[in-house]
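S.K.: Using the hints, position chain G against chain W.
For the record, the sequence lines run as chains W and G.
If you want my numbering, it's the 1-based position in the first sequence plus 350.
If you want my numbering, it's the 1-based position in the second sequence plus 865.
Since the hints were made in silico from the structure, they are not lab data.
Please note that the accuracy of each hint is not assured.
[Unchecked claim] In the SDA-like style, the derived pairs of lysine to any residue whose C-alpha atoms are separated by at most 25 Å in a straight line are:
hint: 1; chain 1: G; residue 1: LYS1051; chain 2: W; residue 2: PRO405
hint: 2; chain 1: G; residue 1: LYS1051; chain 2: W; residue 2: ARG508
hint: 3; chain 1: W; residue 1: LYS431; chain 2: G; residue 2: LYS1143
hint: 4; chain 1: W; residue 1: LYS431; chain 2: G; residue 2: ASN1050
Single-letter residue listing:
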Amino acid sequence: MSRTPRPKTKLVPQPTTNYLPERDADKRPILETRHLGIDFGGLSAVSDFNVAVGPTEIAGLIGPNGAGKTTIFNLLTNVYKPTRGTILLDGIDTAGKSTTEVNRMGIARTFQNIRLFRQLSVLDNVLIALNNETRYSALSAILRLPEYWRRERIARDRAMELLSIFDMQPLADQPAGSLPYGAQRRLEIVRALATNPSLLLLDEPAAGMNPSETSELMDNIVKIRDTFQIAIMLIEHDMNLVMGICEVIGVLNFGRIIAKGTSDDIQSNPLVIEAYLGKKKEG
Amino acid sequence: MSLFFSQFLNGLQTGSVYALVALGYSMVYGIILLLNFAHGDIIMVGAYAAFYSMTAFHLHPLLSVVLAVAASTLLGVVIEKVAYTPLRQAPRLSLLITAIGVSFLLENGAQLLFGSETKSMSPIVTGNVSLGSMSISKVALLTIAVTVAAMAILTFLVQRTKLGKAMRAVSEDMGAAQLMGISLNKTISFTFAVGSALAGIGSVLYLCAYTQASPTMGSMLGLKAFVAAVLGGIGSIPGAMIGGFAIGLLEALCSAVNLSVWKDGVVFAILILVLLVKPTGIMGRSQAEKV
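In isolation and in its complexed conformation, chain W is listed as follows:
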């Protein structure tokens, strides 16, 4: 039986549209998405979403309301199952993993509408997120074995240390729901950090903050990146914050990336201006 010779496969180099900060260029991106997309019924909410985020990058995601920014966060944390495409977290495909597993693999997030455990104390909110690192059996807890006390003390110290990023130690015993709005937003960040992420997703961290709180938050986001050496991806409408600290910015409109680059690239990009301000009248 003679085989018909197979035509030779022609290889085409793929131009990648991803950007990374120079210091992260030779490292594996902590997050990479390939042709990520999701349909809700007949509506394609996100399509062909390709990004790479370096291990110490601060990336920003902006776009008009309803562009699909929060949907992307929900996709990245496997709250939604993508219709198409792949998510690679530190090179590992997260498909089929539960939300809990994705968190343990290294993605932590905050929420646009604050979702703290309001009835629990500030400290307990952080301790819950530290759960995976606090190991003792239920039995040793009931019998109050030294093991329990030791682990609890380590967890408590760690929680206090994390709270100290935002100088929140004095609030530790208050119910989270009773905190002022800005403090609740900060606590959400602390709680997310407590899960020991390699990628932190912040959904509108500056929403409802006044300019001085926002500028303090900007310093703190950079400080978190520097101290923990993690990647941060944020959604934000406050352009001062985005332009001020994000190294790479992606602009989303109707579920598609329309522009990617540094703040200067974005500000001069005609597509972005069109998305935000509308088309220039002809003539």
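M.R.: Using the frame of chain W, we list chain G on its own:
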């Protein structure tokens, strides 16, 4: 005065069992918003486990207690895994109907296995303790003491341990809890295990007081405990404790004024009243809608 005191103790004793069972209802509702109607029947299984290990196998009463609690705990976790876990994404009504189905399964399975007649045994704890002019039955004292101890352990478990905190976190915001790395399966199983263990303790205490077991003993007891949970505020742990004792005392009050025939009616009238006047119960948190 002595009549009042003895009825008060009676009330606390029945109330203890109601409270222990109500805790299971409330904890499960708090975490997956399911009215676990099979919960009452877990008591029945626990009671049979204690009954047979004492009468047929002549085990030491304390060992029988451990066996009964272990059997209830295991049953609770198995029911959750087999019947409820596959329905986690399903509408809540399907879950509720499944719970009723499991309840029927357990009741009829028990009739098949143990026979439909009531099984009686000789009392385990007998005698009275005299306190001045009054005498108190040891069973009542034991029941109240065990219940208080169980509640103290539960409170510690829920307030101080990481699983307890995870439980409270999941009951407040399941989605956010998952995103904080809390394992849903583990937390829900833990909740069922603790709730069922309390029911197991309740079943043994019930057996001490009434010395009999029947396949349908769990349904009325379960329903009254459910009323107790609603009265206390379903989903609230301290509420379930208060509700249980309140229902027990109310029943004792009915007996004290010679209305013991009306006991059940009064309890369910309370359910209707609570649902009409304060659906969140005594300790329930009101669901404030964000505007």
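S.K.: If a hint holds in the structure, say so; if it doesn't, say that too.
M.R.: Hint by hint, here is what the structure shows:
no., hint, result
1, G:LYS1051 to W:PRO405, "violated, 31 Å"
2, G:LYS1051 to W:ARG508, "holds, 24 Å"
3, W:LYS431 to G:LYS1143, "violated, 40 Å"
4, W:LYS431 to G:ASN1050, "holds, 19 Å"
In the structure shown, a violation is registered for the earlier hints numbered 1 and 3, in ascending order.
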